[in-house]
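Chains R and B are the protein sequences, given in the same order. Just so we're aligned, residue 973 is where the first sequence starts under the numbering used here, counting upward by one. Just so we're aligned, residue 24 is where the second sequence starts under the numbering used here, counting upward by one.
Errors might be hidden in some of the hints.
[To be verified] Listed next, the in silico DSS-like pairs over lysine-lysine satisfying Cα-Cα at most 30 Å (straight line):
| hint | chain 1 | residue 1 | chain 2 | residue 2 |
| --- | --- | --- | --- | --- |
| 1 | R | Lys1314 | B | Lys239 |
| 2 | B | Lys239 | R | Lys1037 |
| 3 | R | Lys1194 | R | Lys1313 |
| 4 | R | Lys1313 | B | Lys151 |
| 5 | R | Lys1273 | R | Lys1110 |
| 6 | B | Lys239 | R | Lys1012 |
| 7 | R | Lys1012 | R | Lys1037 |
| 8 | B | Lys239 | R | Lys1061 |
| 9 | R | Lys1037 | B | Lys78 |
| 10 | R | Lys1110 | R | Lys1194 |
| 11 | R | Lys1309 | R | Lys1047 |
| 12 | R | Lys1117 | R | Lys1194 |
| 13 | B | Lys151 | R | Lys1317 |
| 14 | R | Lys1313 | B | Lys78 |
| 15 | R | Lys1035 | B | Lys121 |
| 16 | R | Lys1260 | R | Lys1362 |
| 17 | R | Lys1278 | B | Lys151 |
| 18 | B | Lys78 | R | Lys1309 |
| 19 | R | Lys1047 | B | Lys151 |
| 20 | R | Lys1409 | R | Lys1115 |
| 21 | R | Lys1117 | R | Lys1309 |
| 22 | R | Lys1117 | R | Lys1409 |
| 23 | R | Lys1309 | R | Lys1035 |
| 24 | R | Lys1012 | R | Lys1115 |
| 25 | R | Lys1035 | B | Lys78 |
| 26 | R | Lys1314 | B | Lys151 |
| 27 | R | Lys1061 | B | Lys151 |
| 28 | R | Lys1216 | R | Lys1110 |
| 29 | B | Lys121 | R | Lys1047 |
| 30 | B | Lys151 | R | Lys1309 |
| 31 | R | Lys1012 | B | Lys121 |
| 32 | R | Lys1273 | B | Lys78 |
| 33 | R | Lys1317 | R | Lys1047 |
| 34 | R | Lys1035 | R | Lys1061 |
| 35 | R | Lys1037 | R | Lys1273 |
| 36 | B | Lys239 | R | Lys1317 |
[As the list claims (entries may be wrong)] Short, incomplete list of chain B residues facing chain R, as computed with Cβ under 7 Å:
| hint | residue |
| --- | --- |
| 37 | Ala45 |
| 38 | Val49 |
| 39 | Phe107 |
| 40 | Pro164 |
To be clear, the hints were calculated from the coordinates, so they are not data collected in a lab. Think of the CB as a built atom: it goes at the ideal place given N, C-alpha and C, for glycine as much as any other residue.
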Amino acid sequence: MKNSIAIILRQSRLKLLLTALLITILHCSVSHAAEEITLKIWDFPRWLEPGENTDRFTWMNRKIKEFEAQNPGVKVDLTKLTWQRGHEKLKIAAVSGNYPDVAPGVVPLLFIRENLIEPIDEYLSGEDRADYFPAALKAFEVKGKTYGWPWYMGGQLLYVNADIFASAGVELPVEGRWTPEEFTQKMAQIKAYLSPTESTPAAATQNTKTQGHYPLGLYFQKDETANLPFLMCFGGSIIDRDGKYAGDSEEFLKGIKWINQLREMQIIPPDSGGRSANDIWTAFGREKRLAAGAFGLWGIKAMTDKFPTNFEVVHYPAQPGQPSGSFLGTSGFYVFKNSDKKRVKLAMQLARFLTLGEQQRDLVHYTQFPTRNSAGNIYADNRHMTAAWKIFQEGQSVFADSRWPQIDEEVTSAIQQSLLGRFDPLTAMRESGERVKRVLSVESGSISEDVSKSSYFALVIAIISLLAMVFALLSRQAHLIMIVPAVSLTGLFLFYPLADALLLAFRDYRIGEVGGYTLANFIRAWNDPRFIIACKNTMLYSFLVVPANVFTALVVASLIHGLRGKTKSFFRAAYYLPGVASVVVLTMVWRWLFNTEVGLFNSTLRWFGMNPIGWLSDPSVAFFSVIISGILKSPGGAMLIYLASMANIPNSLYEAADLEGADAFKKWWHITVPLLGGTTTFLMITGVIAALQVFAQVLMLTDGGPGNSTQVVVLRVYTSAFRDFDFGLSSAMALILFAAIMVITIIQRRFSRQEVEYLA
Amino acid sequence: MNLRNAHYVSLTFLSIGLILTAGPLVWMVITAFTSPDALAATPPRYGEFSLENFKVLLSAGSILRWTINSFLVSAAVTLAQTIFNSLAAFGFSVGRFKGRESIFMILLAAMMVPGQIVMLPLFLFMAKWGLIDNLWSVILPAMAAPFGIYMVRQYMDSIPLQMSEAAQIDGASELQIFTRIYFPLSMPILATSGIFTFIAQWNAFLWPLITLNSEKYYTLTVGLSTLQDQQIMDFGLLMAGATLAAVPMVIVFIFFSRYMLEGMRKGAIQ
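Start from the sequences, fold in the hints, and give me the full structure.
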């Protein structure tokens, strides 16, 4: 009995001990939970879950909640990216050392080269490895290591509108395959059906309405590979298997010539070089005017649910026996390096969790293909997706190199130019080839290390500011103390970066190349065709917009000046009011007005039976649209300044003119306008200074396109810095702009001084 | 009779001009209040009144947060600029220390520097110090503005020196002279420049676009541009957003138009 009690006691003591241990462990983990790790994940917008109108992050937010529930003590913070600026943002963040733990996308070659990405091999179990499709893992492999968790595979397809084919009496391609010749022939037949009067020129000019009917829509924009297979269908490629530029090869040029031929046959619109994916999608999917168009996999879902269409997915035209070569992409999540191993491990867990087979089943909403076997065949009952899967077996990937975006931008612009008939294809492709070869010749290197060194100068300025404050305090000069805060702030946030920009302009400082001091940036700026276009455009903009704005302000002010009382205040306020709205707001409205398919301007034109204009897609029109939006803005500030100056003109002058019998216009022309000369000069010059810096408007309206036709200087400064990471070039171009503004300011000073003397 | 005709002619011209310059904004409001179904129809039935766009926009949630952020940033910048600019302007106007004019000239030279040129180094160094991706990253670089200092100083220069001399004799400190005499007397110009600062900051786009990464820190302009990127074809929704962004500035204009118009006139005379 005693014994047993002792045993029980001992047992309970054991239990007690165990409990104590457990409590300690629990306590430890609780105290860990108290310090809580917050993982940062960035993601692009995905699909709209049923019942959602705008939020494309519902799935991600739900998965984050699930992950947080599975891993107590871990919080996940989601940053929502946009497809347009997301990549830029990621690059900026990565280079400046401000990156998240987990980020989405295709294999991040740039970041891998900068040594910022953690390989996943260590965290990839044998089970995972067996579960993944080999091609998916391969897509994330660089030099034998895997750098991301593949999530989905997708690609671009050629879609045909079966109804248009049927009503034109044209057979769909057998098994979805066609050669370029067959493709041309079928398109020509459909063209003849869509606009039968085309053959007689007289009828064609009379019946203008049908001229807008093209059976095919193509678009060539940067980051858009959907239509490149058309150019490559004769066996050409932009970069060949050895990693050499092949855009000027005979085969590739043959592709361009073929597309040009389609343009001459009016199978595609004349401004095809400037069309955007959106334009073509609207015409194909929403308005069903096109017989064929190339889009991503998402088109299948869109045309099944939202815009029901009788469509088929088919191969791109290809020579017999050759693969149709649609472009594929594998996307997933990758993990940034971190000194905190525990954090990396958690980030890996999160990335793995998001890409598990069971989660990949949700890809059915996204119409993308899973990358794991365990997801199963989620499209068994979807005829189109099954067809797409077959077509993708003949697919290809883009040149896997971190310099591809730069190459893409060069080549796309050359393709656009030659399709718009600006240059002949050979010249355009050769010239872009020169620049691509230069891009390719630069070897890899890291700038993120150098960036972290660059802020010593700022520290110096901060210390000087502090010392100045101390000095001011010690010397007991109240006024000095008062100016120090403002002067320090200006020094730190204006003069220091200015000095740094000056240094950068004279340094070889770009991605893959951080070198010594050089003048090459200015030479490169001079030889940069986009910068030259930008300079011309910016000057054109200033010369047209500024005088127009000043003239409007003068006329409006003169008319308002003649009014009295309430009417006067009303017009003054009404003209000034639009000026307080932000450029962003105004530009959004202009985009809406200019929209090719549904905008007010083209709707009006159509209503009058005229051809719609590609306000923002036709390269010969686009920049004038930008100029129109610049001219038709509120004359606000300038008008008020004119009104103030007019109030200062002595009435006696007008009375004298009255005596001589001058009419209102003569008085205005001979008295008001000359006397306002000083104000006019002032407004012109300040206007030009502002116009030379035009940016937000262009970024939001056209982003410099189509075919670089709307490049402006500040946009080029911005893109070369934040898209190409060519900081030296960007600073050099900014400096050239600064010099121009400086010259104009000095001229202004000269003028205004004369003005003062004249008044005195 | 002739005068009357001239009056009507100018009214006609002004009205036409108004349609051209204010037209886009009117179109924005019309689109915003048209129901999404009416917009999607071919041809669209404009003007079929509905609040649907605003409902969808507000239910998406973030726009309210962006508005608050824009307000916080604009208010903080305006407050900081009013304090720092007026202090510096007072120092430059009344102070008699060595190098006063040369420092002032250097400050003025800064007015010529276009913002885009300093953007990149500024971004790199603020990133280095962990100052990006929060509201401070937008507020800090805008806290003092040479142009504001210049404007306020011009105004303070016109305040007779005898006033501060008399106060000095009465034993007032420089700070008291500033807070009791110069600051209140400069109220008109401070109000004007404050309103313009507020509007400029509310409309600022490029710098916030670069430095703000998290949606919760977006200002309204940045948020709207991402909305435009996300809802490419939903113009009703976009115009509703644009309308919401424009409304606060219209309110500011209605309440403060007296100061604004007055300030512009003063600026013109100088």
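Cross-check of the supplied hints:
Only pairs whose Cα atoms come within 30 Å are accepted, and R:Lys1314 paired with B:Lys239 is accepted, the gap being roughly 27 Å. Distance hint between B:Lys239 and R:Lys1037 is fulfilled; the C-alpha atoms sit about 18 Å from each other, no more than 30 Å. With a CA separation close to 38 Å, the supplied pair R:Lys1194 and R:Lys1313 exceeds the 30 Å bound. As the CA atoms of R:Lys1313 and B:Lys151 are separated by approximately 23 Å, the hinted pair is consistent with the 30 Å bound.
At roughly 27 Å between alpha-carbon atoms, R:Lys1273 and R:Lys1110 fall within 30 Å of each other, so this suggested pair holds. With a C-alpha separation of about 14 Å, the suggested pairing of B:Lys239 with R:Lys1012 holds against the 30 Å cut-off. The hinted pair formed by R:Lys1012 and R:Lys1037 meets the criterion: a straight-line CA distance of about 14 Å does not exceed 30 Å. The hinted pair formed by B:Lys239 and R:Lys1061 meets the criterion: a straight-line CA distance of about 15 Å does not exceed 30 Å.
At most 30 Å may separate the alpha-carbon atoms for a hinted pair to count; R:Lys1037 and B:Lys78 meet this at roughly 27 Å. Distance restraint check for R:Lys1110 and R:Lys1194: the Cα-Cα separation of roughly 25 Å lies within the 30 Å cut-off, and the hinted pair is therefore satisfied. About 19 Å separates the Cα atoms of R:Lys1309 and R:Lys1047, which keeps this hinted pair within 30 Å; it holds. Taking the CA atoms of R:Lys1117 and R:Lys1194, the gap is about 29 Å. The hint holds against a cut of 30 Å.
Only pairs whose Cα atoms come within 30 Å are accepted, and B:Lys151 paired with R:Lys1317 is accepted, the gap being roughly 26 Å. For the proposed pair R:Lys1313 and B:Lys78, the alpha carbon gap of about 45 Å is over 30 Å, so the pair is violated. Distance check on the hinted pair: R:Lys1035 and B:Lys121 sit about 65 Å apart at the alpha-carbon level, beyond 30 Å; violated. Simply put, R:Lys1260 and R:Lys1362 have alpha-carbon atoms about 25 Å apart, close enough for the 30 Å limit, and the pair holds.
For a cut-off of 30 Å, the pair hint linking R:Lys1278 to B:Lys151 is broken: about 47 Å separates their Cα positions. Of the supplied pair hints, the one linking B:Lys78 and R:Lys1309 is violated, its CA atoms being roughly 42 Å apart against a limit of 30 Å. Pair hint R:Lys1047 plus B:Lys151 holds up; C-alpha atoms about 25 Å apart against a cutoff of 30 Å. In summary, the hint linking R:Lys1409 to R:Lys1115 is supported, as the alpha carbons are separated by about 23 Å, within the 30 Å threshold.
The suggested pairing of R:Lys1117 with R:Lys1309 holds, with an alpha-carbon distance near 14 Å, which does not exceed 30 Å. Using a Cα cut-off of 30 Å, the hinted pair R:Lys1117 and R:Lys1409 holds, with the two alpha carbons roughly 27 Å apart. The straight-line distance between the Cα atoms of R:Lys1309 and R:Lys1035 is roughly 23 Å, inside the 30 Å bound, and the hint therefore holds. With a CA separation close to 27 Å, the supplied pair R:Lys1012 and R:Lys1115 stays within the 30 Å bound.
Distance hint between R:Lys1035 and B:Lys78 is fulfilled; the C-alpha atoms sit about 27 Å from each other, no more than 30 Å. Pair hint R:Lys1314 plus B:Lys151 holds up; C-alpha atoms about 24 Å apart against a cutoff of 30 Å. For the hint linking R:Lys1061 to B:Lys151, the alpha-carbon distance of about 16 Å falls within 30 Å, and the restraint holds. At most 30 Å may separate the alpha-carbon atoms for a hinted pair to count; R:Lys1216 and R:Lys1110 meet this at roughly 22 Å.
With a C-alpha separation of about 56 Å, the suggested pair B:Lys121 and R:Lys1047 falls outside the 30 Å cut-off, and the hint is violated. Distance restraint check for B:Lys151 and R:Lys1309: the Cα-Cα separation of roughly 17 Å lies within the 30 Å cut-off, and the hinted pair is therefore satisfied. A threshold of 30 Å between alpha carbons decides the hint, and for R:Lys1012 with B:Lys121 the separation of about 52 Å lies outside it, so the pair is violated. Note on R:Lys1273 and B:Lys78: the hinted pairing holds, with a Cα-Cα distance of about 27 Å set against a maximum of 30 Å.
With a C-alpha separation of about 14 Å, the suggested pairing of R:Lys1317 with R:Lys1047 holds against the 30 Å cut-off. Restraint check: the Cα-Cα separation between R:Lys1035 and R:Lys1061 comes to about 24 Å, which is no more than 30 Å; the hinted pair holds. Proposed proximity of R:Lys1037 and R:Lys1273 is supported: the alpha carbons are some 27 Å apart, at most 30 Å. A distance of roughly 27 Å separates the Cα atoms of B:Lys239 and R:Lys1317; the hinted pair therefore holds under the 30 Å criterion.
Taken as an interface hint, B:Ala45 checks out: its beta carbon lies about 5 Å from the nearest beta carbon of chain R, inside 7 Å. Annotation: interface hint on B:Val49 violated; nearest CB of chain R at approximately 10 Å, more than 7 Å. Annotation: B:Phe107 was flagged as interfacial toward chain R, and the flag holds, the nearest CB pair being 4 Å apart, inside 7 Å. Annotation: interface hint on B:Pro164 holds; nearest CB of chain R at approximately 4 Å, less than 7 Å.
This entry does not satisfy hints 3, 14, 15, 17, 18, 29, 31 and 38, going by the numbered hints stated previously.
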